[in-house]
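Visitor: Fit the two chains together into the complex; they arrive one by one in their own frames, and the hints show the way.
Just so you know, the protein sequences line up as chains A and B, in that order. Going by the numbering used here, the first sequence opens with residue 233, and the numbers climb by one from there. Going by the numbering used here, the second sequence opens with residue 237, and the numbers climb by one from there.
Just so you know, the hints here were simulated from the structure itself, not pulled from any lab data. Treat the hints with care, as some may be off.
[As the list claims (entries may be wrong)] The calculated lysine to any residue pairs, modelled on SDA-like cross-linking and capped at a C-alpha distance of 20 angstroms, are:
{"#": "1", "chain 1": "B", "residue 1": "LYS285", "chain 2": "A", "residue 2": "GLU278"}
{"#": "2", "chain 1": "A", "residue 1": "LYS434", "chain 2": "B", "residue 2": "ARG258"}
{"#": "3", "chain 1": "A", "residue 1": "LYS463", "chain 2": "B", "residue 2": "PRO490"}
{"#": "4", "chain 1": "B", "residue 1": "LYS285", "chain 2": "A", "residue 2": "GLU422"}
{"#": "5", "chain 1": "A", "residue 1": "LYS434", "chain 2": "A", "residue 2": "LYS444"}
{"#": "6", "chain 1": "A", "residue 1": "LYS434", "chain 2": "B", "residue 2": "PRO490"}
{"#": "7", "chain 1": "A", "residue 1": "LYS434", "chain 2": "B", "residue 2": "GLU287"}
{"#": "8", "chain 1": "A", "residue 1": "LYS444", "chain 2": "B", "residue 2": "ARG258"}
{"#": "9", "chain 1": "A", "residue 1": "LYS434", "chain 2": "B", "residue 2": "GLU300"}
{"#": "10", "chain 1": "B", "residue 1": "LYS521", "chain 2": "B", "residue 2": "PRO490"}
{"#": "11", "chain 1": "A", "residue 1": "LYS349", "chain 2": "A", "residue 2": "ARG301"}
{"#": "12", "chain 1": "A", "residue 1": "LYS434", "chain 2": "B", "residue 2": "LYS285"}
{"#": "13", "chain 1": "B", "residue 1": "LYS285", "chain 2": "A", "residue 2": "SER271"}
[As the list claims (entries may be wrong)] Partner residues are not named here, just some residues of chain B that face chain A (Cβ under 7 angstroms, in silico):
{"#": "14", "residue": "LEU254"}
{"#": "15", "residue": "ARG258"}
{"#": "16", "residue": "ASP273"}
{"#": "17", "residue": "LYS285"}
{"#": "18", "residue": "THR289"}
{"#": "19", "residue": "GLY296"}
{"#": "20", "residue": "GLU471"}
{"#": "21", "residue": "ASP474"}
{"#": "22", "residue": "PRO506"}
{"#": "23", "residue": "PHE511"}
{"#": "24", "residue": "SER552"}
{"#": "25", "residue": "ALA553"}
Backbone N, C-alpha and C fix where the C-beta goes; we use that ideal spot for every residue, glycine too.
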Amino acid sequence: MQRLFVKSRAEEFGFTLAEFCAAVNEAAGRALQGLRSESERSHFIESLHLEELVLARACARGNQAAWDRFLLLYRSKLYAAARAISRDDSVARELADSLYADLFGTRTREDGSRVTKLDSYSGRGSLEGWLKAVLAQQYVDRLRSQPKMVSLDENVECRSAAAVGGPPPAEHRQVNEATDAVLGELSAEERYLLAAYYLDGKTLAAIGHTLKVHESTIKRRIERTMVDLRKKILARLSKSGITRAAAEEILELDVRDLEVDVRNRLAQERQA
Amino acid sequence: MNRSEVEGSGRMQRLSELVRSRLRVRQGHENEHPDADLLSAFVERRLSKAERTVVLRHLGECPECREVVALRAEMEGAHPAAEWAGQRRTLAWWLSGGAVAAALGLVVMSVWFASGARHTTKPVAAVAVSPRAQEFEQDALKAEQPTEKERATPPARARLQRRAKVATAPSPKPGEKQAAAETQTASAPAQREPAAVAGQAMFETEAGRLQAMMRTGAPDLFRNSLWRLADGRLERSDDGGATWEAVRAGDGAPLYALSATGVDIWIGGPGGRLFHSRDNGLHWKAIAATDGALPLTAAITGIDTSDRPTIRLRTSAGEEWISRDRGAHWERRQVAK
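Chain B on its own, in the form it takes in the complex (with noise of 0.2 angstroms):
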């Protein structure tokens, strides 16, 4: 639906100019603005309907509060209402036949190009875009990938295959190496992170297992590892996120912050927990962070190390602690407010 439906022409469209100019000159008066609950709760329909007139008197006025509206709204994912006119649009077209019809002038024209290019393409392209064949398509597809329990229960040969892929693939230049894990870092959490796991920090570390194999010949060090926060734990997949083990790693106190780059994982935690490790999890060491004689107490919730050597930890007391030798010393900054 677009404007022009609504607004439509001629005299409709000159008074929507006239009650533009004349709304706008009503705006922005109001002092007093609905608190972020309130607004909140307008979104998620849990007013009354004398509070519900209130909020929508209000916002009728204010710009600002109607943008807050709008954007908590937008976080709320797609409406039901939304989708469902998404499937009811597909299926009148359905329905109108126009389905039919386009079937039809693909199939007619499939078989023009056929009759006029026999030595050059195949008849292919009613099949390629028709849906029913999509379907088709799809379900090959699906076959050809492993099943839910294949998936389960990775078998060692999937695993041998990954190591032969990685073993065959070009090996970087020494200077390239370091370049390579660190874009990837950047780029896999936007690239790579699936719905299911969103917001979780997530982290590919092939090139950087690379270099860790090179240097220790630890086989274990190979394996194509993706990490996450689940519940405060740590944990590791070894086949591409289809199935996830938890590993040991901490005090046991539940883990907020995760950053890994290659192999070199850190995590952190509350009461200034802070762990490392160098061998993509093998073995951790516990980190003190201390500034002079003040020590990280508070709670950690963002490591950042893609400026690496310097590690930079976010705080639940807004501070920011940046060390620039991988750990060793710190220095604690107040983030401005």
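So here's chain A without its partners, still in its complex pose (with noise of 0.2 angstroms):
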């Protein structure tokens, strides 16, 4: 711990080896619990940020010093990547103000000390990525926080199809069954993959920006699972007592004709 107090340079700061070793235990926290051996111990610490923790503590500390270098580190690069999330520099102003107000720290602990974002850093990345991980969390939460704009037709019809929805048909019910097995038993980074492309929309190249492979690989990938998806509800069809060519017609079926036709059922009630 002593090479590594004096590598982070923690005494600039004004840290102590005690108070260093405290803050590291402190970070490492939950993840140090899982390991056993000392060897996985020493390993995981080496591998923290330790001088950028060193230096969040110092500032959640209210050390000027190390204010005055966080600002000098991180202050240009924070309205960069507010810029960049947000593309409008108002926008951005506001997410990188506010993530600032949260870093000082607005309110204070009955000790007296300020509650500073700045705590929940715990050295696992780096800070200049936690800190844009925490304006994306902000961003995220800002356009969540807007009121979604519905139509009214839009609005009345997701009522009314809420209204006449009754239970599915038993065969439809047994695909969706059969759909949720097979994606419970998908691995996680397969759920992850199905859920960015076909849910988030996201393109193959945004996929593979994100898990640092290339989009070509995320192709494949889509395409195996979607594949092995398809021959396991097949199968689970199959047994539960749908022969193998109505489980096949059942899944050619347009996914809108598996739930309720809505729209007729209006029509219907309409004519009645």
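Guide: In structure tokens form, the structure reads like this:
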């Protein structure tokens, strides 16, 4: 720890060795509990961004030199990142200023110390990366807090659909159950790929960029997952007593046919 | 690669719809989210395999965290694999003979145009679009530009040429000068900020300098200055950003904020340090911002002078300090959270 203490330049910001050890233990916290051997633990601690962790903790303690260094290193990057996320100067300024306020801490604890977001940085990723992730979280929260604009027609349609939607036919329920079961068996990565691609509408390149693999690899994985998925759904349907041909026929149906045909039912109700 | 290539047609498209509808049912039931540090470490590939699996499992069912991770990855810049893909596609195109066919086609077309329209245009189309010719063109352009050495030591001649250009430019009407100065300040960072100094304030001050020159007659103010903060120091460039010189300003403490409008330069730093120059950095005045008896003591992290004479300061304490009379009196506001 003495070597890491020197390497992290903790002394520059007024940390003693004991305080440094306490800060590292607190930051590593839960992750250290899962590691059994001493070598695993020391390897884990070595892998932390200790210099940046010390800077963050020193800022949290209100050390002026640490703040000077923090602002020098990250101020312009933070504004640039906020601009990159929001693509709007005024929103970027708001995001970055709001984060500054959180980092500096506008509330105080009973002992007089400030409550600062910097306390939650644990040194796993880089401090710059953490700041960017916090900015991204703030931006997503901001978007979610804005009221969604839904047209009146759409709204009425949705409510009507909810009102008339009855239980789906038995075989459609079986398909849904089989699909849910097979989706549940997928690996974490496969499920992430499908969700990012089919639900979020991300491009292969964007997903590849996030996972740091080439887009053609992502394409292959998604295609393979979908082929496996189909096979497994058919197998499950066959097991539940549906013939292979019938099962294939059900899967050929448009998904919209698998759900209750709301429009037909609405029309029937109007006629009645 | 487009979506239809992956989703295919017919039965796989139907399956895609089914998967989409069933995945949607599973979304948003996660209550505990990984913290920002874990998500960032995930993007930076610094998690163990087990931790990565846990994060991926969460991401599969949490649209918010997927969006955070996607935004965080976007800020990383282009991934080398993607860049290599672009290069590989270009290479493949060259190797496939596509370039040869395109060049041949263009040559044929240019000959055809030349024979049909001898008196109108010269047959240069093929030369202009050929990549090889573009390289030559770029080389020629490079040859016209000053060398690295020339840029490093801007000759007096270049400076004189710039002065001559400014002097011969049509003089704006008195009412237009202020507007021109402000428009330039507002648009300059977006249009002209080079990638190398991204995130650092930089303003061109042409119109404002003309005004000041007319007022004071000081030839030094005529220079085509750019301003920036580098490692907490104020720097000025008089040769369009090729070379930068440190400017003595403030009390030696690192600087965090800069705003330049015309010859009006504001800089701020730690402990509420605020300095103002009205003559393009020749003389500086320390400004003590106080709201009643309350002095500004937090670090100044941003200065906004776009709404002059109102000056707005942002501080590390989440405050906004506003002066409506160019810094004579100040009002403190806590920025609402």
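Visitor: Hints first: check each against the structure and report whether it holds.
Guide: Hints versus structure:
1. B:LYS285 x A:GLU278: 17 angstroms, holds
2. A:LYS434 x B:ARG258: At roughly 18 angstroms apart (the allowed maximum being 20 angstroms), B:ARG258 and A:LYS434 satisfy the hint.
3. A:LYS463 x B:PRO490: Between A:LYS463 and B:PRO490 the Cα gap is close to 64 angstroms, so the pair fails against 20 angstroms, i.e. violated.
4. B:LYS285 x A:GLU422: Given that 20 angstroms is the threshold and the Cα spacing comes to 15 angstroms, the pair holds.
5. A:LYS434 x A:LYS444: 15 angstroms, holds
6. A:LYS434 x B:PRO490: Answer violated: A:LYS434 to B:PRO490 is near 42 angstroms, above 20 angstroms.
7. A:LYS434 x B:GLU287: Not OK: A:LYS434 and B:GLU287 at ~24 angstroms, beyond 20 angstroms, violated.
8. A:LYS444 x B:ARG258: Judged against 20 angstroms, a Cα distance of about 27 angstroms means the pair is violated.
9. A:LYS434 x B:GLU300: 14 angstroms, holds
10. B:LYS521 x B:PRO490: 17 angstroms, holds
11. A:LYS349 x A:ARG301: 17 angstroms, holds
12. A:LYS434 x B:LYS285: 24 angstroms, violated
13. B:LYS285 x A:SER271: Since the Cα atoms of B:LYS285 and A:SER271 sit roughly 18 angstroms apart, the hinted pair holds (cutoff 20 angstroms).
14. LEU254: Holds: closest Cβ of chain A sits about 5 angstroms from B:LEU254, inside 7 angstroms.
15. ARG258: 5 angstroms, holds
16. ASP273: 5 angstroms, holds
17. LYS285: 11 angstroms, violated
18. THR289: At about 5 angstroms, which falls below the 7 angstroms cut-off, the nearest Cβ of chain A leaves the hint on B:THR289 intact, so it holds.
19. GLY296: Holds, because the Cβ-Cβ distance from B:GLY296 to chain A comes to roughly 3 angstroms (cut-off 7 angstroms).
20. GLU471: 14 angstroms, violated
21. ASP474: 23 angstroms, violated
22. PRO506: 5 angstroms, holds
23. PHE511: This interface hint is violated because 17 angstroms lies over the 7 angstroms limit.
24. SER552: At 5 angstroms from the nearest chain A Cβ, B:SER552 passes the 7 angstroms test, so the hint holds.
25. ALA553: 6 angstroms, holds
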